[in-house]
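A.B. asks: As given, the protein sequences belong to chains A and B, one line each in that order.
Be aware that the first sequence starts at 1, since it is given in the UniProt record's numbering, and climbs by one per residue.
Be aware that the second sequence starts at 1, since it is given in the UniProt record's numbering, and climbs by one per residue.
By construction, these hints were calculated from the structure, which means they are not laboratory data.
Careful, some of the hints might be misleading.
As the list claims (entries may be wrong) - Output of the computed footprint for chain B on chain A, the stretches with three or more beta carbons under 8 angstroms from beta carbons of chain B:
#, region
1, 12 to 26
2, 56 to 64
3, 84 to 97
4, 255 to 261
Claimed, not checked - A few chain A positions that, by computed beta-carbon distances, are all more than 10 angstroms from chain B:
#, residue
5, K77
6, S309
7, W323
8, P339
To be verified - Taking beta-carbon pairs under 10 angstroms as the criterion, some of the chain B residues facing chain A (in silico):
#, residue
9, G76
10, W257
11, E258
12, V312
We put the CB at the ideal spot given by N, CA and C, even for glycine.
Take a look at the letters that make up each chain.
Protein chains: 2
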Amino acid sequence: MIKAEEAAYTIIENGNVTSPSGFQAGGAAIGIRKHNKLDLGWVYSDIPAAAAGVYTLNSFRAAPLLVTEESVAFEGKLQGVVVNSGIANACTGEEGLANAYAMRKAFADQLGIQLQHAAVASTGLIGVQLSMDKIISGIQAIKDEGKADDFAKAILTTDTCTKQVAVSVEIDGVPITIGGAAKGSGMIHPNMATMLAFVTTDAVIPNDMLEQLLKKTTDNSYNMITVDGDTSTNDMVLVLANGKAGNKELNPTHPEWEKFSAAFQYVSQELAKKIARDGEGATKLVEVHVQQAKTAADARKIGKAIVASSLVKAAVYGADPNWGRIITAAGYSGASFSPDKISVWLGDSMVVQNGNPTLFDEAEASEHLKQEAVLITIDLQEGSEEATAWGCDLSYDYVKINASYRT
Amino acid sequence: MIKAEEAAYTIIENGNVTSPSGFQAGGAAIGIRKHNKLDLGWVYSDIPAAAAGVYTLNSFRAAPLLVTEESVAFEGKLQGVVVNSGIANACTGEEGLANAYAMRKAFADQLGIQLQHAAVASTGLIGVQLSMDKIISGIQAIKDEGKADDFAKAILTTDTCTKQVAVSVEIDGVPITIGGAAKGSGMIHPNMATMLAFVTTDAVIPNDMLEQLLKKTTDNSYNMITVDGDTSTNDMVLVLANGKAGNKELNPTHPEWEKFSAAFQYVSQELAKKIARDGEGATKLVEVHVQQAKTAADARKIGKAIVASSLVKAAVYGADPNWGRIITAAGYSGASFSPDKISVWLGDSMVVQNGNPTLFDEAEASEHLKQEAVLITIDLQEGSEEATAWGCDLSYDYVKINASYRT
Numbered sequence: 001m002i003k004a005e006e007a008a009y010t011i012i013e014n015g016n017v018t019s020p021s022g023f024q025a026g027g028a029a030i031g032i033r034k035h036n037k038l039d040l041g042w043v044y045s046d047i048p049a050a051a052a053g054v055y056t057l058n059s060f061r062a063a064p065l066l067v068t069e070e071s072v073a074f075e076g077k078l079q080g081v082v083v084n085s086g087i088a089n090a091c092t093g094e095e096g097l098a099n100a101y102a103m104r105k106a107f108a109d110q111l112g113i114q115l116q117h118a119a120v121a122s123t124g125l126i127g128v129q130l131s132m133d134k135i136i137s138g139i140q141a142i143k144d145e146g147k148a149d150d151f152a153k154a155i156l157t158t159d160t161c162t163k164q165v166a167v168s169v170e171i172d173g174v175p176i177t178i179g180g181a182a183k184g185s186g187m188i189h190p191n192m193a194t195m196l197a198f199v200t201t202d203a204v205i206p207n208d209m210l211e212q213l214l215k216k217t218t219d220n221s222y223n224m225i226t227v228d229g230d231t232s233t234n235d236m237v238l239v240l241a242n243g244k245a246g247n248k249e250l251n252p253t254h255p256e257w258e259k260f261s262a263a264f265q266y267v268s269q270e271l272a273k274k275i276a277r278d279g280e281g282a283t284k285l286v287e288v289h290v291q292q293a294k295t296a297a298d299a300r301k302i303g304k305a306i307v308a309s310s311l312v313k314a315a316v317y318g319a320d321p322n323w324g325r326i327i328t329a330a331g332y333s334g335a336s337f338s339p340d341k342i343s344v345w346l347g348d349s350m351v352v353q354n355g356n357p358t359l360f361d362e363a364e365a366s367e368h369l370k371q372e373a374v375l376i377t378i379d380l381q382e383g384s385e386e387a388t389a390w391g392c393d394l395s396y397d398y399v400k401i402n403a404s405y406r407t
Numbered sequence: 001m002i003k004a005e006e007a008a009y010t011i012i013e014n015g016n017v018t019s020p021s022g023f024q025a026g027g028a029a030i031g032i033r034k035h036n037k038l039d040l041g042w043v044y045s046d047i048p049a050a051a052a053g054v055y056t057l058n059s060f061r062a063a064p065l066l067v068t069e070e071s072v073a074f075e076g077k078l079q080g081v082v083v084n085s086g087i088a089n090a091c092t093g094e095e096g097l098a099n100a101y102a103m104r105k106a107f108a109d110q111l112g113i114q115l116q117h118a119a120v121a122s123t124g125l126i127g128v129q130l131s132m133d134k135i136i137s138g139i140q141a142i143k144d145e146g147k148a149d150d151f152a153k154a155i156l157t158t159d160t161c162t163k164q165v166a167v168s169v170e171i172d173g174v175p176i177t178i179g180g181a182a183k184g185s186g187m188i189h190p191n192m193a194t195m196l197a198f199v200t201t202d203a204v205i206p207n208d209m210l211e212q213l214l215k216k217t218t219d220n221s222y223n224m225i226t227v228d229g230d231t232s233t234n235d236m237v238l239v240l241a242n243g244k245a246g247n248k249e250l251n252p253t254h255p256e257w258e259k260f261s262a263a264f265q266y267v268s269q270e271l272a273k274k275i276a277r278d279g280e281g282a283t284k285l286v287e288v289h290v291q292q293a294k295t296a297a298d299a300r301k302i303g304k305a306i307v308a309s310s311l312v313k314a315a316v317y318g319a320d321p322n323w324g325r326i327i328t329a330a331g332y333s334g335a336s337f338s339p340d341k342i343s344v345w346l347g348d349s350m351v352v353q354n355g356n357p358t359l360f361d362e363a364e365a366s367e368h369l370k371q372e373a374v375l376i377t378i379d380l381q382e383g384s385e386e387a388t389a390w391g392c393d394l395s396y397d398y399v400k401i402n403a404s405y406r407t
């Protein structure tokens with residue numbers, strides 16, 4: 001994990017994907033989602049930007065992922081991304097793939113950019129074909145100016161709020177900005193890839209370095225959240241770096257590489273946490289910090305098993321300090337550790353010490369679980385590695401939302 | 001999997017663990033559970049019986065498992081099992097282990113059997129010490145006659161019903177009986193072991209053959225169910241075979257081995273299905289049958305991923321034929337298969353054919369999902385292996401039960 005002490009970035013108030021120089025974004029309602037909700041969004045860079053992506057590991061890969069991957073692979077550059085919500089264009093066969101290509105072409109034509117510099121993304125219902133007349137006419141109405149807030153709204157499905165962030169970091173004496181927007185609320189259990197997130201920066205950084213940084217950061221952010229254990233067919237994170245900041249090219253030999261990496265990781269983690277907090281039906285953000293693990297992989301396994309446990313999630317919803325479920329999840333996580341050395345805290349209350357129950361103050365522990373952000377800390381006393389995972393509680397509303405999402 | 005065509009057993013009406021010759025069982029209320037519920041159960045064989053067990057793979061193994069494993073390992077024999085519900089005696093350190101040993105000793109003394117022929121099991125709240133005065137005085141009140149129904153009741157926690165079954169199968173011209181009782185409702189996601197189940201038989205079978213059969217059967221029964229994805233610290237299945245039926249010794253060279261195996265598997269699968277159907281908050285049993293897989297492991301992975309998916313479970317609760325969630329779960333299961341060859345049925349409605357959506361009758365599919373037993377069939381067209389997994393739907397009551405189980 002990139003250490004926090006390297007952090008020397010400033011959070012930009014109301015920052016978004018257009019905070020970096022040379023980016024524009026917008027959104028429109030084209031009639032795919034009900035109630036005239038925004039459902040077509042786009043991001044555009046004045047000039048072609050170095051690009052990198054990570055994609056779902058689900059065996060079923062949605063058509064827009066195949067098309068976008070092809071674009072990014074062409075020469076590692078993107079100039080624009082178009083996204084629709086409401087229909088995922090996943091499990092839609094050859095017709096779905098042809099539609100994703102047609103969507104890319106219409107967007108590239110409309111913006112006057114090279115075909116392989118355009119990316120497409122879709123999110124929503126699986127197994128339904130896109131209404132291509134709405135998509136094409138919607139794209140043909142895109143103007144080169146728009147509102148970043150509309151983009152952040154247009155990519156949502158069951159989300160209850162937009163998810164945006166931006167930071168500024170000084171590199172080579174010039175300010176570099178990194179902005180991002182994401183969506184995700186259900187079917188969230190990223191696996192080496194993630195839900196939809198779009199990150200922009202005006203940094204000068206080649207696409208291979210960008211890809212390396214994205215992959216490393218994904219393991220500490222998007223891959224450390226879960227809402228319901230279901231890995232989506234459409235997970236994707238795209239990063240565009242258009243170089244407008246004019247810094248010296250960033251790579252691991254640059255003296256300020258760690259500083260930039262920390263700022264980039266902050267953006268990724270904030271977007272990931274915003275998704276976890278807005279999990280379907282969630283009333284709380286749950287953060288699990290695992291420390292003194294033998295390996296980072298062990299720490300990650302335990303953190304993810306705990307935030308993924310339905311029993312832990314329901315106990316947090318009910319503010320029940322039922323720590324037995326927490327160590328049970330650690331026990332089946334597959335991580336290597338000694339059960340007789342584990343200690344557990346709920347907020348500041350130590351509930352397990354060296355594998356044994358403590359006489360903790362139940363009222364105090366329960367009070368912590370009633371907070372809007374719950375912290376569970378695990379100490380393994382096995383080594384010096386650590387990881388943090390984020391999730392949410394399991395409420396009646398999760399069931400309500402998912403018993404009737406489609407029909 | 002042992003094929004059904006080998007099945008030549010008869011189901012015994014109201015059968016239970018005392019259906020085989022020479023077994024007795026009973027239960028009592030000793031004040032661990034509230035409302036005077038039965039919470040101490042015991043099974044006893046007239047003579048020492050060949051015994052085998054499978055145990056949880058959770059890193060935290062409850063004290064009674066350690067003691068029981070020691071008993072079974074001593075000479076592969078058991079004559080009695082004592083079980084308490086209400087407190088799991090898990091994560092209770094050295095005091096908990098000493099309590100489990102004391103529980104075994106009191107039980108062996110009371111029945112006048114060898115110490116290492118006694119097994120103990122506990123189920124309930126994690127991290128709390130047993131009230132040993134209640135346990136010891138309860139054990140000292142055990143008479144050698146009791147009701148099998150009381151045993152089945154005494155091992156329950158959040159279960160809403162008892163889980164019992166027995167079959168009769170003729171081997172060497174003599175009738176052999178196999179009976180079983182199980183408990184389990186939450187924290188159900190067995191992994192190479194299971195929740196609590198106790199199987200008795202009067203068959204003549206050596207303990208190593210019994211163990212081999214138990215392990216094989218577990219993979220097709222207890223290990224194929226899930227309620228909430230949480231693997232418990234106390235999972236255990238014990239089998240006792242006292243040989244009173246007088247058949248020739250059973251082993252794989254016996255001409256009727258497959259016949260006996262099929263009867264044994266039926267008992268295991270019935271107990272497993274009863275647990276899945278009584279999952280916390282469940283309103284339906286969900287059965288997923290995966291056929292034409294390349295390997296049995298692939299078929300199992302897909303079946304378990306589908307029954308474990310919160311999104312699939314919530315859709316079944318809402319009778320929503322949202323098949324996208326089903327193939328998404330197959331896609332992230334880790335199984336090897338071609339997405340463009342998969343077909344999916346909800347009951348008799350084919351909803352996906354060769355990876356593409358069909359124009360199915362939504363009303364008919366939804367009607368099937370309203371049934372008390374829901375069948376999802378997956379055909380991979382990859383080979384000839386198959387597997388069946390069982391689970392339940394996800395309802396508001398699951399959240400209700402688990403938000404307030406302890407406090």
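A.B. asks: Could you run down the list of hints and mark each one as holding or not?
C.D. replies: A quick look at each hint next to the structure:
1. 12 to 26: Violated: only 0 residues of the region 12 to 26 of chain A have a Cβ under 8 angstroms from chain B.
2. 56 to 64: holds (count 4)
3. 84 to 97: Satisfied; 5 residues make the cut.
4. 255 to 261: violated (count 0)
5. K77: At about 29 angstroms from chain B, A/K77 clears the 10 angstroms cut-off, so the statement holds.
6. S309: violated, 6 angstroms
7. W323: Non-interface label fails for A/W323: nearest chain B Cβ at 7 angstroms, not farther than 10 angstroms.
8. P339: At roughly 5 angstroms from the nearest Cβ of chain B, A/P339 sits no farther out than 10 angstroms, so the non-interface label is violated.
9. G76: Where the cut-off is 10 angstroms and the nearest Cβ of chain A is about 28 angstroms from B/G76, the hint is violated.
10. W257: Not OK, violated: B/W257 not within 10 angstroms of chain A, min 34 angstroms.
11. E258: Violated - the Cβ of B/E258 stays beyond 10 angstroms from chain A, reaching only about 34 angstroms at its closest.
12. V312: For B/V312, the interface hint holds, since the closest Cβ of chain A sits about 8 angstroms away, which is under 10 angstroms.
The structure fails hints 1, 4, 6, 7, 8, 9, 10, 11 (numbered hints given earlier, in ascending order).
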